Amino acid sequence: MTARAERAAPVRTRFPFPRRGAVRLTFGLGMLMLVLFAFVPAVAVIVVSFTDLRGLTYVPTLWVGIENYLDFFSPARAADNWNALRNTMVFAIVGTVLQMGFALAISLLLNRPLRGRNFFRAVVFMPTILGVTVGGLIWSLIFNPAGGPMQSLLHAVGTQSAFFGDPRIALGLVIFVHVWMQVGISVVIFLAGLQAIPAELQEVASIDGASAWQRFRNVTFPLLAPSLTANVLMGVVNAMHSYQLTYVLAGPSNRSTQVLSLLVYVQAFGGESGTSLSQSQGYAAAIATLQFVLVGVIALATLFYLRRREARL
Amino acid sequence: MSGFTRRQILTAGLGLTAAGVATSTAACSSGGANSDSSAEDPSGELSIMVSSANASDSAFEQVNKDFQEKFPDVTVKFTTVPNDTYEASLSSRLTAKNVDIFVAKSMSIPPSYAEGSEEDSVRLALAGGMLELTDQAFIERFDSSVLETITLEDKLFVVPTGLSYTTGLYYNKDIFEAGGLEVPTTYAELQEVLSSLKDAGTTPFGIGGKESWPAGLYMLAAVEGLFPSADAKADLAEKLWSNEVKLTDPDLVEILKRVDLAYQNAQDNFAGASYDAVPGGFASGDFAMIADGTWNQPVVDAAVDGAFEYGYFPTPMGDDAASNDHLTGKVELMLGVATDAPNQGAALAWLDFFSEKETYTSFIETAGYSSAQPDIEQSEFLESIAAYTEEFSTPWSHYWFANNKAGQDAAFPFNYPGVKPLGSGTPEQAADAAQKAWGGAF
Amino acid sequence: MTMTGSSRRAQTSRTDGEDGLAALPPPSSAAPRPRRRRRRAPVGAYICLVLLAAVFLLPLLFLLNTALKSDADFLADPVGIVTEPRLQNFVDAWVQGHFGSYILNSIVYTLGGAGIGTVITMLVGFPVARGYIAGGRIWPIVFALLLFLPNSLITQFQLLLRLGLYDSRLGYVLMVAVGVGVGPLLFTGFVKSLPIELDEAAAIDGCGYGRYLVSFALPLCRPALTTIFILQAVWIWNEIILATVLLADQEKFPITVGLFAFKGAYSNQWGLLAAATMIVAVPLVVGYIFIQRYLVNGVLGAVKG
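Chains as they are written, first to last, in my numbering: chain A, 1 to 313; chain B, 314 to 755; chain C, 756 to 1060.
Hints were generated in silico from the structure; no laboratory data involved.
Be aware that one or more of the hints could be misleading.
No more than 25 Å apart at the CA atoms, straight line, and that leaves these computed lysine-lysine pairs for DSS-like [to be verified]: (1) B:559 x B:749; (2) B:418 x C:1018; (3) B:378 x B:670; (4) B:418 x B:643; (5) C:1018 x B:390; (6) B:378 x B:390.
Listing some non-contacts, in silico: residues in chain A with all C-beta distances to chain C over 12 Å [as the list claims (entries may be wrong)]: (7) 79; (8) 80; (9) 81; (10) 82; (11) 85; (12) 89; (13) 94; (14) 166; (15) 309.
Predicted model, so just to flag it, every value in this text is computed and none were measured.
Note that CB positions come from ideal geometry on N, CA and C, so glycine has one too.
Whenever a hint applies, use it, and build me the whole structure from the sequences.
Now the structure itself:
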């Protein structure tokens, strides 16, 4: 398939410039930075997961082999881990689906030559600019159970809610805020993809008598596929790693919104005021490694699936 | 860029790295230039790090101000960190040898059956990471019975800033009077008071459920009521660890049932209410009682601002009056000195200054703590509860050491966060989940 | 042009240049009507736009509303429009919160970090895309790995500590600079769309690699680089956990940590808190209005390639 051929590894071409030294040096410097500050710590985390590092001076670190991993899979922890895993998956899948869905719809809307659409494009992207803390605070204010606007709205229809305190809807609310904050980036990427679709294709299709939905499904959507792949991949990976927003909105001790990354942070550095559970950072590193494997598997699976759909379309 | 050979680049790179390592190690080792002998006045920078709480923050700031006035050569860098991020920040700063005085979370060594469950601060102290303060002159100023509870292997590593009582209820005297209610002293009386309040249309309890731990105060009170003596609690802890009793035993499920009573009589949606918002609600008469500690009394006082009279009494979760006649307390923030402190001299001088009678008296007044030193004048409020605090006794949280290998449901181990509406189960279901999380670890 | 139902998803996606002509049909329409040029405003679309604006702007406006209330006002009426606006909250928040230095720090970290990151991306991505560097097959895999590295908070902290860069702005900037994420992958994709003849032509003219990058590749790649810069900048801007662990001095905190600590300290005083949040949000919105043009164009260019 041609698509696959395009994505083949870069072929080593003849270097046209007089001296190789420059490219080697700059590449080397860049790579050195990445290796030193990103890859080395990443590998080190995997190494740390086999120790009982506590992050305290004077307390020696011992090699404990796979004990941390065994602890993780012990039946006592099963409830916590399944909970975190489930929350992470729900967050990633539902969040990404909603994010893609809304982004697609919004970008279709904003692609039309409507008046003031640049303004609306800017508006949609703004939450991403505001950042997690600002976004989190804004929505904490809105979802304030002691009389915030949402509560007043609910009162008006006769119910009420504890919002982030209600274990049934807390995760849903977090997903909602997450989508609100992230949809802007996806919209921008989709818009770019949409604008790359030649107008003639649309016209041809409509001359042939295709309805709007058919045109979308058979012309627009397939050509959007690369943007969709990029977006979904970024969305899923982002969601699986994301915990800053959850942290700001619901705190680290909220079981119903505890995702894997948050578990890593809480276990490594504490965060549950009032408990006396004190894990080692080695254990936290083990969770981080497991999460890495999980994200890798899911990302690869998603990529594989989407690439195949792309090619088929 | 002229063409460097590969070897030249490599040597240059190695040279740079070597230089970098050399300078950084030099920088690290010269960091201790601030300390000086204790005979002279302290000078230089003093870094203090505490976990933040409204009242104690302002109290510390006042002490720092006075200290800097007395010793103008010292600059105090005072950082307060929210509880949730405190451990993270402390861990990094200790490792980086960046802090002099800090708050240690706990100073209790677990009994033999719970080996390996000690807190990080205990590990740190025993491994030599904290300065031993046993022979310091200022430590003598503190009450010996209090010091006993924070001694590790006959050594003292921290200075207790004060005491707070945890298992009591603030109550709105006006509301009680209006309803003709008396302060309840037994569980049965409490239930009556609750239903009278509800009948009169007042929400009995205000709970800040969002942070989870405020609801735990009811759990501590329940344990205190059902297992009032120190022996009973120590015994219970041991039996749980040896699995002689299970969390699903009816006696222990009863604890969760009593907590559930509190939940049922609390304000709507308290699971989302923030702890900091509760004193405001109490002040505006939204609830008749709030379970809070005496550390928060300055905040409650400021919120109420004289609108009505309020009092404090032990939460009567026990069946008979005798088990509800006392308040349990904890040692408040405990200040320790890092062995690698860049400015040990100033740190010790600060602690000395802190424990002087005058400084200490005004400190506990602003912070709302009860005194850890004998013969100190206390606030009116603390005098009013003196009858409940004659003997210093500690609550369940002092006797319980969580098992690091157990699941989160068994952290306390009575699973109050698992009970509706904080969690999703009945008391029995919550106890079940806790037992699974506990039993699976053995 | 007909539409099945009124859902936005079913609307046509018209590319630029044509007037928007579709009208909102009754929901029961089934058969496609022949195309006619009609000059009727697409009401449905505009309604959707207004809804969109509401969802995204109202929260911000509500924040502003809260920021103008005193605590008593807020307790009395948390939702209503403020009757006696007061700016005192802003003054208090600014004084108590060091927001000036927080904002400055965030800007330094973001511009510095994203800047260095973008440079790294270019230096590393260009040779790989062109095949100028040996080991051509593994580098794309390496770039892909960059996307989902494990959460290395613990070890990154230890690394900075041993380099003596703990609690230093430089250390933090370096650490966030390598968070290039999807950058290299995106960049290599873009570079492939640049004709290699350009390189060769420049080389024949005697241009060295370094000069070529700066004078030719850089301007050509600007759209992609802008996108990459912005993606990383947004991530750094939002970063709170690394900052908590790697920085100890309050003077060095970025906004995320500063605002969060402020929330911890004053969590009950919503007026003050909202004012603080606004202090942080407004420069962002203002700055954003200026750069958003580059953003859309940048991404357009990058994805087209």
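Tested hints:
In summary, the hint linking residue 559 of chain B to residue 749 of chain B is supported, as the alpha carbons are separated by about 10 Å, within the 25 Å threshold. With a CA separation close to 22 Å, the supplied pair residue 418 of chain B and residue 1018 of chain C stays within the 25 Å bound. For a cut-off of 25 Å, the pair hint linking residue 378 of chain B to residue 670 of chain B stands: about 17 Å separates their Cα positions. A distance of roughly 12 Å separates the Cα atoms of residue 418 of chain B and residue 643 of chain B; the hinted pair therefore holds under the 25 Å criterion.
Of the supplied pair hints, the one linking residue 1018 of chain C and residue 390 of chain B holds, its CA atoms being roughly 21 Å apart against a limit of 25 Å. Straight-line distance between C-alpha atoms of residue 378 of chain B and residue 390 of chain B comes to about 11 Å, which keeps the hinted pair within the 25 Å bound. Separation of residue 79 of chain A from chain C is adequate, the least Cβ-Cβ distance of about 22 Å exceeding the 12 Å criterion. Residue placement check: residue 80 of chain A keeps its beta carbon more than 12 Å from all beta carbons of chain C (closest about 17 Å).
Non-interface status of residue 81 of chain A relative to chain C is upheld: no Cβ of that chain comes within 12 Å, the nearest being about 16 Å off. The non-interface label for residue 82 of chain A is consistent with chain C: the shortest C-beta to C-beta separation is roughly 20 Å, beyond 12 Å. For residue 85 of chain A, the condition that its CB be more than 12 Å from all CB atoms of chain C holds, with the nearest at approximately 15 Å. Residue-level check passed: residue 89 of chain A sits 15 Å from the nearest beta carbon of chain C, beyond 12 Å.
Against the 12 Å criterion, residue 94 of chain A stays outside the reach of chain C, whose nearest CB is about 18 Å from its own CB. Look at residue 166 of chain A: its CB is around 19 Å from the nearest CB on chain C, clear of 12 Å, so calling it non-interface holds up. Distance to chain C confirms residue 309 of chain A as a non-interface residue, since its nearest Cβ pair spans about 18 Å, more than 12 Å.
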